[in-house]
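> Residue-level listing of the chains:
2 protein chains.
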Amino acid sequence: MKFSDLAMSLKASEIRELLKLTTMPEVISFAGGLPAPELFPLEEMKKVDVEILAKEGQAAVQYGTTEGYNPLREKIAARMKQAFQVDCKAEEIIITSGSQQGLSMLAQIFLNKDDVVLVESPTYLGAINAFKLSFPKFIEVPTDDKGIIPEALEKILAENDRVRMMYVIPEFQNPTGITWPLERRKAVMDIVNKYDFPIIEDDPYGELRYDGDVVPSLKSMDTKGNVIFLGSFSKIFMPGLRIGWMVANPEIIDKMVKLKQAIDLQSSSFAQRQASFFIDMFDLDAHVAKIKALYAKRRTLMCDSMKEYFPEGVTYTFPEGGLFTWVTLPEGMDAKEIMPKVLAKNVAYVPGGPFYPNGGNANHFRLNYSNMPEDRIVEGIKRLAEVLKEEMAK
Amino acid sequence: MKFSDLAMSLKASEIRELLKLTTMPEVISFAGGLPAPELFPLEEMKKVDVEILAKEGQAAVQYGTTEGYNPLREKIAARMKQAFQVDCKAEEIIITSGSQQGLSMLAQIFLNKDDVVLVESPTYLGAINAFKLSFPKFIEVPTDDKGIIPEALEKILAENDRVRMMYVIPEFQNPTGITWPLERRKAVMDIVNKYDFPIIEDDPYGELRYDGDVVPSLKSMDTKGNVIFLGSFSKIFMPGLRIGWMVANPEIIDKMVKLKQAIDLQSSSFAQRQASFFIDMFDLDAHVAKIKALYAKRRTLMCDSMKEYFPEGVTYTFPEGGLFTWVTLPEGMDAKEIMPKVLAKNVAYVPGGPFYPNGGNANHFRLNYSNMPEDRIVEGIKRLAEVLKEEMAK
Numbered sequence: 001m002k003f004s005d006l007a008m009s010l011k012a013s014e015i016r017e018l019l020k021l022t023t024m025p026e027v028i029s030f031a032g033g034l035p036a037p038e039l040f041p042l043e044e045m046k047k048v049d050v051e052i053l054a055k056e057g058q059a060a061v062q063y064g065t066t067e068g069y070n071p072l073r074e075k076i077a078a079r080m081k082q083a084f085q086v087d088c089k090a091e092e093i094i095i096t097s098g099s100q101q102g103l104s105m106l107a108q109i110f111l112n113k114d115d116v117v118l119v120e121s122p123t124y125l126g127a128i129n130a131f132k133l134s135f136p137k138f139i140e141v142p143t144d145d146k147g148i149i150p151e152a153l154e155k156i157l158a159e160n161d162r163v164r165m166m167y168v169i170p171e172f173q174n175p176t177g178i179t180w181p182l183e184r185r186k187a188v189m190d191i192v193n194k195y196d197f198p199i200i201e202d203d204p205y206g207e208l209r210y211d212g213d214v215v216p217s218l219k220s221m222d223t224k225g226n227v228i229f230l231g232s233f234s235k236i237f238m239p240g241l242r243i244g245w246m247v248a249n250p251e252i253i254d255k256m257v258k259l260k261q262a263i264d265l266q267s268s269s270f271a272q273r274q275a276s277f278f279i280d281m282f283d284l285d286a287h288v289a290k291i292k293a294l295y296a297k298r299r300t301l302m303c304d305s306m307k308e309y310f311p312e313g314v315t316y317t318f319p320e321g322g323l324f325t326w327v328t329l330p331e332g333m334d335a336k337e338i339m340p341k342v343l344a345k346n347v348a349y350v351p352g353g354p355f356y357p358n359g360g361n362a363n364h365f366r367l368n369y370s371n372m373p374e375d376r377i378v379e380g381i382k383r384l385a386e387v388l389k390e391e392m393a394k
Numbered sequence: 001m002k003f004s005d006l007a008m009s010l011k012a013s014e015i016r017e018l019l020k021l022t023t024m025p026e027v028i029s030f031a032g033g034l035p036a037p038e039l040f041p042l043e044e045m046k047k048v049d050v051e052i053l054a055k056e057g058q059a060a061v062q063y064g065t066t067e068g069y070n071p072l073r074e075k076i077a078a079r080m081k082q083a084f085q086v087d088c089k090a091e092e093i094i095i096t097s098g099s100q101q102g103l104s105m106l107a108q109i110f111l112n113k114d115d116v117v118l119v120e121s122p123t124y125l126g127a128i129n130a131f132k133l134s135f136p137k138f139i140e141v142p143t144d145d146k147g148i149i150p151e152a153l154e155k156i157l158a159e160n161d162r163v164r165m166m167y168v169i170p171e172f173q174n175p176t177g178i179t180w181p182l183e184r185r186k187a188v189m190d191i192v193n194k195y196d197f198p199i200i201e202d203d204p205y206g207e208l209r210y211d212g213d214v215v216p217s218l219k220s221m222d223t224k225g226n227v228i229f230l231g232s233f234s235k236i237f238m239p240g241l242r243i244g245w246m247v248a249n250p251e252i253i254d255k256m257v258k259l260k261q262a263i264d265l266q267s268s269s270f271a272q273r274q275a276s277f278f279i280d281m282f283d284l285d286a287h288v289a290k291i292k293a294l295y296a297k298r299r300t301l302m303c304d305s306m307k308e309y310f311p312e313g314v315t316y317t318f319p320e321g322g323l324f325t326w327v328t329l330p331e332g333m334d335a336k337e338i339m340p341k342v343l344a345k346n347v348a349y350v351p352g353g354p355f356y357p358n359g360g361n362a363n364h365f366r367l368n369y370s371n372m373p374e375d376r377i378v379e380g381i382k383r384l385a386e387v388l389k390e391e392m393a394k
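Residue numbers (UniProt numbering), protein chains in the order written: chain R, 1 to 394; chain X, 1 to 394.
Keep in mind the hints are simulated off the structure, nothing from the lab.
Accuracy of the hints is not assured; some may be wrong.
[Unchecked claim] Subject to a maximum C-alpha distance of 27 angstroms in a straight line, what follows is the list of computed DSS-like cross-link-like pairs (lysine-lysine): (1) X:K89 <-> X:K297; (2) R:K155 <-> X:K2; (3) R:K81 <-> R:K290; (4) X:K2 <-> R:K186; (5) X:K186 <-> X:K146; (6) X:K290 <-> R:K55; (7) R:K132 <-> X:K258.
[What the hints assert, rightly or not] Computed footprint of chain X on chain R; a stretch qualifies when at least three of its residues, placed anywhere within it, have a C-beta under 8 angstroms from a C-beta of chain X: (8) 40-46; (9) 97-103; (10) 150-159; (11) 251-259.
[To be verified] Label-pair distances were calculated between CB atoms; the ranges are: (12) X:A90 <-> R:Q58: 30 to 36 angstroms; (13) X:K55 <-> R:E91: 37 to 43 angstroms; (14) X:M24 <-> R:E51: 53 to 59 angstroms; (15) X:P216 <-> R:K345: 32 to 38 angstroms; (16) R:E51 <-> X:F282: 46 to 52 angstroms; (17) X:A344 <-> R:K292: 53 to 59 angstroms; (18) R:K336 <-> X:P216: 48 to 54 angstroms; (19) X:P71 <-> R:D280: 30 to 36 angstroms.
Note that the coordinates shown come from a computational prediction; the quantities given were computed from them, not determined experimentally.
We put the CB at the ideal spot given by N, CA and C, even for glycine.
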């Protein structure tokens, strides 16, 4: 049987493989990006599901339009204004099966083989895997603790004429937890507008800010239709519905709709209504506030524990929001090599190397703090610290 | 803004554009492939949804595995035996977001640019659009009223060394309604096994047989792992959930899982459980029996009405199952050109041309009989007959 070049290039995502570990109850997993399940509004969902069938009946389970369920698109447009300072209409929004689908579709509509995609260094592993299906070249834009370095970006653009899109997570970045301050965002947008190319702003955690002031989204500064915003209900509501959205200029939305017709027709009619009816019947803002309170506590606890137990020479970020902190080991250490010893103590993280599309940078790992209860966070960090001390003593 | 070659090649699906018309209540639409909404088991679903949340709670809305919800895969394996004579294990099954996603993913894993895909002539429009994303060459295998002609298939294979897959709908074909008899299936499988290449058996309507005896599926005759079977809950349960499945050899399933990780992580956790719990709590066979009784009546009524009202020289198929009949106008007539006159009478069909990937064959159209109530079927055929008579009198 002959497979395509694409099929031969496929590797399993390391995150997804690691997620399999998290199903074993004895593992203290800091690996995945799973929300805290105890906050899922299950009692409310019982009422939501009954109301959907009572009120919409057949339409809730029949074929629907590719663009998505209109009342949900309207509600997202309103939320874009409230939470992300973006003025947009429902027609500028397409519902996707999670942001992951948005990422793979954007690669399809922007990238030919060997075209260049710019990413933060490091960047989200799932985006790398989605983009790779189009066989692009990745250029990692150098970053500091404020995000992408504008001068470095401009230099790359001046030297490359095959840049077709840039992918960034300016808010509580995955994997680093870093947030770009306003001045940095403005500087990057000036460059994007000067060179006029699409920039994907992936913002699944934007509403989960625990400290500091809100910073306007890139999309809110977009005067030329260059910013494509990806949002998701996975982290503020429930990931298993697989409902995300994209806000983009009409030309891009038109391409996305035609592409989605060919790849899966539409996202689940019922799941779209689950999100939409919940917003109607309950208070999503109050729900988000509950999530923030819990995750803020866990974030602080994890960072405090690392401060207390991690050996000298290991550093980590203190994120103002989102789900992840990023740990840096001394040069020369390899987080992937240490991994089996960590797993032997029933603790899991994601090694940092795969977050760099062009390789290297083995001395990092990513920790998630949203999914484990407080006592297991402390216990997990203690065990991790023991392994790190042993390794660093070698 | 520069788009990819793929983006520049995108056209809206004519079926999906026509589906927009069906939302206007005054239109008698024979265009889409929509199930009869009055048969959706809504009261049962209220109980199903409550039970899912009561019994599975958090897991029902959390991230799940890419392969799909295991209890559903187990139930599908059992159903493959009962309805399609196929022995398979849950591990040979991946859940997809409808069969449409299976089609686009198969094109991705089998087709490089300019590779050859074989299809029946005519074939399902949605498959053509999914495959086109990989820029293949289509070779239409000649068919008669028993499906693909084995001698024609063998000749094509002997002359072409870039055939990478074949796509067929042997049961109540879309668009023609034709079913391949056993001898024809055996002859095609002999050729497939001789040349050893993947054949996709798309069978969304297989359980909806109204007359005649069950014919074994191609997958049930598959001794070498060449057949990839696509099934769906859209036509026997509810399409809005977007839950389909693929049965294939482990090597193919492994590629599919890795690809699905990159394109959308997984299908909706909750929607998968809706199908699975319904099968547990209610009688899917009894539900399918109700659907069959209604569609058989509508099929017969539509064909009887065509017999009574259509002018001499117009022919149509009498399908033993499924959702569609295929109408052939005299040579030289163009169903797409007549379409505006039909729409002016508030009737819709799908012109036949787009079902031929290499063009031509304008003198056909496809009629769906599952979605309209009986009185509107008769009225719609009458109006259609008037237009045809006028056109043929020119």
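> All hints are to be evaluated individually against the structure, with a verdict given for each.
So, going through the hints one by one against the coordinates:
Restraint check: the Cα-Cα separation between K89 (chain X) and K297 (chain X) comes to about 36 angstroms, which exceeds 27 angstroms; the hinted pair is violated. Note on K155 (chain R) and K2 (chain X): the hinted pairing holds, with a Cα-Cα distance of about 21 angstroms set against a maximum of 27 angstroms. Restraint check for K81 (chain R) and K290 (chain R): the C-alpha separation of about 21 angstroms stays at or below 27 angstroms, so the hint holds. With a CA separation close to 23 angstroms, the supplied pair K2 (chain X) and K186 (chain R) stays within the 27 angstroms bound.
Under the criterion of a C-alpha separation no larger than 27 angstroms, the hint pairing K186 (chain X) with K146 (chain X) is consistent with the structure, at around 12 angstroms. At roughly 24 angstroms between alpha-carbon atoms, K290 (chain X) and K55 (chain R) fall within 27 angstroms of each other, so this suggested pair holds. At roughly 12 angstroms between alpha-carbon atoms, K132 (chain R) and K258 (chain X) fall within 27 angstroms of each other, so this suggested pair holds. Figure legend: the region 40-46 of chain R, annotated as covered by chain X; annotation consistent (4 residues with Cβ-Cβ distances under 8 angstroms, at least 3 required).
With a cut-off of 8 angstroms between beta carbons, the region 97-103 of chain R has 4 residues touching chain X; three or more are needed, and the interface restraint holds. Under a criterion of three residues with beta carbons nearer than 8 angstroms to beta carbons of chain X, the stated coverage of the region 150-159 of chain R fails, only 0 such residues being counted. Only when three residues or more bring their CB closer than 8 angstroms to a CB of chain X does the claim for the region 251-259 of chain R stand; here the count is 6, and the claim holds. Distance hint check for A90 (chain X) and Q58 (chain R): the Cβ-Cβ separation is about 31 angstroms, which falls inside the suggested range of 30 to 36 angstroms.
The given range of 37 to 43 angstroms is respected by K55 (chain X) and E91 (chain R), whose C-beta atoms sit roughly 40 angstroms from each other. For the pair M24 (chain X) and E51 (chain R), the beta carbons lie near 27 angstroms from each other, so the given range of 53 to 59 angstroms is not met. Taking 32 to 38 angstroms as the suggested C-beta distance range, the pair P216 (chain X) and K345 (chain R) does not conform, at roughly 53 angstroms. Checking the proposed 46 to 52 angstroms range against E51 (chain R) and F282 (chain X) shows it is violated: the Cβ atoms sit about 21 angstroms from each other.
At about 57 angstroms, the beta-carbon gap between A344 (chain X) and K292 (chain R) stays in the expected band of 53 to 59 angstroms. Evaluation of the 48 to 54 angstroms hint for K336 (chain R) and P216 (chain X) yields a pass: the beta carbon distance comes to about 49 angstroms. Between P71 (chain X) and D280 (chain R) the CB atoms are about 31 angstroms apart, so this pair conforms to the stated range of 30 to 36 angstroms.
Of the numbered hints listed earlier, those contradicted by the structure are 1, 10, 14, 15, 16.
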